[in-house]
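Quick mapping for you: the protein sequence lines, in order, are chains V and R. Here this note's numbering is used: position 340 in the first sequence is 340, and no number is missing along the way. Here this note's numbering is used: position 230 in the second sequence is 230, and no number is missing along the way.
Mixed in with the good hints there might be a few duds.
Since copy identity is lost for identical chains, a pair holds within one copy or between any two.
To be verified - List of simulated lysine-lysine pairs, DSS-like, C-alpha gap at most 27 Å: (1) Lys-170 / Lys-109; (2) Lys-384 / Lys-109; (3) Lys-249 / Lys-83; (4) Lys-179 / Lys-262; (5) Lys-225 / Lys-179; (6) Lys-87 / Lys-116; (7) Lys-225 / Lys-130; (8) Lys-249 / Lys-262; (9) Lys-225 / Lys-87; (10) Lys-130 / Lys-400; (11) Lys-109 / Lys-400; (12) Lys-73 / Lys-225; (13) Lys-54 / Lys-2; (14) Lys-154 / Lys-142; (15) Lys-83 / Lys-179.
Keep in mind the hints are simulated off the structure, nothing from the lab.
Each chain, letter by letter, is given below.
There are 2 protein chains.
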Amino acid sequence: MKAEIIAVGSELLLGQISNTNARFISSQLAELGIDVYYHTVVGDNPNRLVDSIKIAENRADLIIFSGGLGPTKDDLTKETISKHLNKNLVLDHHALIYIEDFFKRMNRKMTENNKKQALVLEGCTVLENKHGMAPGMFLSTKTHSYILLPGPPKEMEPMFQFEAKPILSKLLHNESIIKSHVIRFYGIGEAELETEVQDLLHNQTNPTLAPLASDGEVTLRLTAKSDTEEEAWKLIDAMQTEIFNRLGKFVYGYNNDSLASKLRDILVENNLTISAAESMTAGLFQSELAAVSGMGQALVGGMITYTEDIKIKQLGVKETTIKEFSVVSSPCAEEMAVRVKEKFGTNIGVGITGAAGPDGHGGQPAGTVWIGIAIDDSAPVSYKLNLSGMRNTNRLRAVKFTIHYLIRLLHDQGL
Amino acid sequence: MKAEIIAVGSELLLGQISNTNARFISSQLAELGIDVYYHTVVGDNPNRLVDSIKIAENRADLIIFSGGLGPTKDDLTKETISKHLNKNLVLDHHALIYIEDFFKRMNRKMTENNKKQALVLEGCTVLENKHGMAPGMFLSTKTHSYILLPGPPKEMEPMFQFEAKPILSKLLHNESIIKSHVIRFYGIGEAELETEVQDLLHNQTNPTLAPLASDGEVTLRLTAKSDTEEEAWKLIDAMQTEIFNRLGKFVYGYNNDSLASKLRDILVENNLTISAAESMTAGLFQSELAAVSGMGQALVGGMITYTEDIKIKQLGVKETTIKEFSVVSSPCAEEMAVRVKEKFGTNIGVGITGAAGPDGHGGQPAGTVWIGIAIDDSAPVSYKLNLSGMRNTNRLRAVKFTIHYLIRLLHDQGL
C-alpha cells in the first residue's frame, strides 16, 4: 500500500505554521509498514485541491487529508472531495449533538456555521473527534481509500491513533507484521551515537535502524518485519542486545518514555517525595514533572525564587553564600536544594540557578547553570552546565539535564 | 510569480523530521509578495524527484528545492536536475577551497566523497554556504527559475536570506510593495470572529484578510499590495479601524506580541511586581512569564503548592477554606492569591487551582480551574474555567487565560 498525505491550508503556504501533521502521520504509517512517497501542501482553493487529488490518485492507493474540516468558508476539503467523488454530504446526528454539547460546556453561543462541521461524506466511516468539533472520515472506493482528518494537531493526532489506525491495520491484515521499538538515549550526541553503531547502520536489513535527535535527546528506532509477532520481537531483541553492549549506559528508556515519566516511575516505586527551588527555570522543572500524570504522588511543591531577596527571605539561603560565591554558584544551588527539601519536608530537594540569557547573571556568562540536588541526609551535590542556546532552549535543556542528573544519582543508589 | 517548494529527503517521508524549511521559505516568499501554491515532499529517489519537478514546472515559475546537496550517495538533487535540464555539473573551485578549509579547521580528514559537494550546475549563480559545506545554486532557463538549497535549516536559512532573497528581489524589481500586519485576539473563537467580519472576508480584495487559530488564540493577518509603502499602510489602517470597531475588546496585541510580552509591558511600565501560587499548573504560569526576557523586573517568585498540606502549611491557606469549599474553589483560589501576594510582598498575587485531568480533583470534574487574582489592597477576584482538553492542553489554556484575565483586570484599572 502506497500513501500520500495532502495537507490543506493557506496558512501552511504563507509559512505561518509548519506541516507537523505530515510528520506525525508519516511516522504512524511507517509503524504500520505503509510506504509514503509524497507529501503535498495545497491552499484553501477547490480547483488546486482537485488537481492535487488527481495527481495523488495516480501515484497512491491511500490518500490522507489533514485540514479544512472546520466551520468557516475557507474550510472546503470535504466539499471538494464530495464533488470530486460524486458523494453527497449528509448530516451526522451524533456529531451534531457533540458540537451542540461542546458549546454548552464552553458556555459559548453556537453560530450557524458550526453546524456545517457535522456534515460527512455519504457512506463513510465517521471518525470521532474527542478533542474538537469536526469529525473525521474514512471512505473506500473501488480503487482508493481516503482519510479526512482535522487540521489542529491536538484533534488530529488522537483521531489518527485511536480511530484511523485500527482501520488501516485491518486493511493490511494479510500483509506481514511490522513491529517497532524505540530506544531512548541521553548524554550522547547523534553523531557520536552513529559512530558507535556505524556498522549496524551500514548493514541494516531487518530490523532497520533509524536514529533521530531532538531537544538534547537521541532515539534509535528499530523496525522489524516478519510473519509472526513473536519472530518480529526476536529480531528486535537481538539487535537491542547488541546496541546495549555498546551504548547501554546512555539508555534511559523506551518508546513513549520521557525523562519525566522515568523519574516518576522511580520516585513512585520507591515512595520518594520531591520539591524544588527554581530561579532561572522559574517553575519549568516542576511544570515538566507535573506534565506527567501520576506525578502527584511524588511532587509536593516548591518555590520559585527569582530574586536574591526571595532566595534569602523566603527560602532561607544565607546572604553570605550569595555574597561570597554569587547567586549562580555551586554553594547557592546546593543550599537551595537543602533548604527547599527541609521546608517542604521531602526526600529530595532540587535547586536550579543560572543565567538563561541573553545577558549574564550573578557574574556568570549567559548559559551558565548550577544544579544542586539533596537526597535525604546525604551531603548535597551539584553540577555545572555551560549552555550555548537561546534563552528558552537553555531553560529547557537545564530542566532536561536536571531530570537526567537526578535519575543517574538515584540509579547510583541502586534505585 | 508563482512558486513551488520541493523538499527532498526520505527522513521527511518517514516522519523523522518536520518540513520546517518549507515554512521558513514560504514566510520569506510571502514577504516578497511571491505566491506559493504548493509544497511537495519527495524521497531520495531520482525517478520520483523528476516526476515532481515535471508537475511543478506545469504549475509554477519558480521552483525551490531544499535538501539532497550533501556528500552521500542519497544526496542526488543536483544530479537529478542536471540530467533533467541537460546541464553539466562542473567543479566550483571557490567551494572546493572552502570545503578543504572546513576540514582543516575541524581537524578532520577530508574523505573523497566530500568533493562532490563542490560540483554545481553549469551556468548557475553559486550561493555561498557560510554555515556548512554544500553551496546552493540559482539557475534560470527560458521558462523557469530554480533555486537549490541545502537541507539543514541552519545552513539553508541564512543562505536563503542573504544569497537567494536579494536575487529574487531583483527579479521582482518592477512589482508592487507588499506589507503585512497581524492583529491578535483572545477570548473569541475562530468561528465567532469570522461571523463578526463575514462581510469583510467575503468582499476582501486589498488588503486581504486571513484568520488563523492556535492554542486558544486567533489572529487576523492583513496583507496590502500597493505602489508605495505609505499607501500600503493606509489600506491596512483603514481595514484595522473597521475591525476594531467590531472586535476591539478582544484585541490584545499585534505581530510578534504574545500574551506574556503584553503583560510584561504593562507590569514594567507601571512598576508593578507579581508573584503566584500554582497548584494544577505547577509552575507553568511563572515559567511562561519568565520565558519573556525582561520579566525579571516584575516577577519576584512564588510557590508551587501541589498538595493540600503544602497549601495550608507553607502558603497559609486556611484549612477550613479547603474543608468547606474544596481545594478547587473560588475561595481557595482567592486565598492563594492573597497569601502569595503578602508572603512575597508583591503588588499582584495569582492563585491557580484546578483538575488538569484525566481525573477530577477536589470534588470537581477534570478541566475545572479556578483562577484567583489579588491586586494591592483591592478585594480578590476569581474566575472559573471549564476546559475540555487533555491534561497538558488544559494546563496551558489555564495559564494563557490567567495572563489574559490579568491583562483585562489591569486594563479595567486604566493600566
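As a check of your reading, is Lys-87 near Lys-116 (CA-CA no more than 27 Å) within one copy, between copies, both or neither? within (16 Å within a copy, 52 Å between copies)
Between copies, within a copy, both or neither: which fits Lys-249 and Lys-83 at Cα up to 27 Å? Neither way: Lys-249 and Lys-83 sit 57 Å apart in one copy and 40 Å across, limit 27 Å.
Have a look at Lys-249 and Lys-262 and pick one of within, between, both or neither, based on CA distance no larger than 27 Å. within (15 Å within a copy, 45 Å between copies)
What label fits Lys-179 with Lys-262 when the C-alpha limit is 27 Å: within, between, both, or neither? Answer is within: at 23 Å inside a copy they meet the 27 Å cutoff, but 48 Å across does not.
Given identical chains, is Lys-225 near Lys-87, meaning Cα to Cα at most 27 Å, within a copy, between copies, both, or neither? Neither: 37 Å inside a copy, 40 Å across copies.
Checking Lys-83 and Lys-179: alpha-carbon separation at most 27 Å within a copy, between copies, both or neither? neither (38 Å within a copy, 36 Å between copies)
With 27 Å as the alpha-carbon cut-off, assign the pair Lys-109 and Lys-400 to within, between, both or neither. between (42 Å within a copy, 21 Å between copies)
When no copy is named, should Lys-73 and Lys-225 be tagged within, between, both, or neither for a Cα gap of at most 27 Å? between (44 Å within a copy, 23 Å between copies)
Checking an output row: Lys-225 and Lys-179, CA cutoff 27 Å. Within, between, both or neither? within (7 Å within a copy, 53 Å between copies)
Same-copy or cross-copy closeness of Lys-154 to Lys-142 [CA-CA at most 27 Å]: neither (32 Å within a copy, 45 Å between copies)
If the cut is 27 Å between Cα atoms, do Lys-170 and Lys-109 qualify within a copy, between copies, both or neither? Classified as neither: same-chain Cα gap 40 Å, cross-chain 50 Å, threshold 27 Å.
First find the shortest C-alpha distance between Lys-225 and Lys-130 inside one copy, then the shortest across copies, and answer within, between, both or neither for a cut-off of 27 Å. neither (32 Å within a copy, 41 Å between copies)
The structure fails hints 1, 3, 7, 9, 14 and 15 (numbered hints given earlier, in ascending order).
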